[in-house]
Amino acid sequence: MNMQQTVPDPELLAAAKAAFANAYAPYSHFHVGAALHTPDGTLFSGANVENASYGLGRCAEQSAIQGMASSGGREFSQIVVYSESSPPASPCGACRQVLFEFSPEAQVTCVNHLGEVIGGQVKDFLPHGFRLEHGKG
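Numbering (my numbering), first residue to last: 2 to 138.
Hints listed in this document are in silico derivations from the structure and should not be mistaken for laboratory results. Every residue gets a Cβ at the ideal spot worked out from N, C-alpha and C, and that includes glycine. Incorrect hints may appear among the rest.
Label pairs and their in silico Cβ distance ranges [as the list claims (entries may be wrong)]:
hint, residue 1, residue 2, range
1, E134, F31, 29 to 39 Å
2, E106, S71, 19 to 29 Å
3, K18, D41, 16 to 26 Å
4, H129, A53, 29 to 39 Å
5, S54, E134, 14 to 24 Å
6, E117, H30, 16 to 26 Å
7, E134, Y25, 15 to 25 Å
8, G56, N23, 13 to 23 Å
9, S87, D41, 18 to 28 Å
10, E76, E12, 14 to 24 Å
11, Y25, S71, 33 to 43 Å
12, P11, D41, 31 to 41 Å
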C-alpha cells in the first residue's frame with residue numbers, strides 16, 4: 002500500500018476534532034470524528050453514532066459522506082479522520098467502499114491526539130475498489 006505521511010488541513014482537523022467530541026459511542030467508547038471538503042471548499046463533518054442494534058451504527062466517515070450527499074454533493078477532495086488511537090484509526094472496510102463510491106482520488110489523512118499521521122488517496126486504502134456505472138434515467 003502506498004501510504005504516506007501527510008499534514009492534515011487545519012480547518013478539517015479542527016472540524017474532525019469537534020465531531021469527535023460529539024460522537025455517540027456508549028458501547029465501544031471509541032470516538033471518531035471526520036471532516037471533508039468538497040471541491041468547492043464546502044465542509045461536512047460527522048461522528049460515529051452507535052446503536053444498541055450494533056449493525057445500525059454509523060461510522061464518522063459515513064456520517065460526513067451522508068451529510069454531503071444529502072446536501073447535493075457528489076464528490077470530495079479530502080477527508081480527515083481523527084481518533085485517539087495509536088496508530089491513528091483508519092477507515093474500516095465499509096467506509097473505504099463508501100469513500101471510493103464518491104472520490105477514489107481524494108486525499109485521506111488519519112491523525113490522532115499524539116500528532117501521528119498516516120494518509121494516502123482513497124484508492125490506496127481500497128485497492129481494486131469498484132464503482133458501478135450510473136444508469137441514465
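When the structure is checked against the list of hints, which entries are broken? Sort them ascending. Hints 5, 7, 9, 11 and 12 not satisfied by this model.
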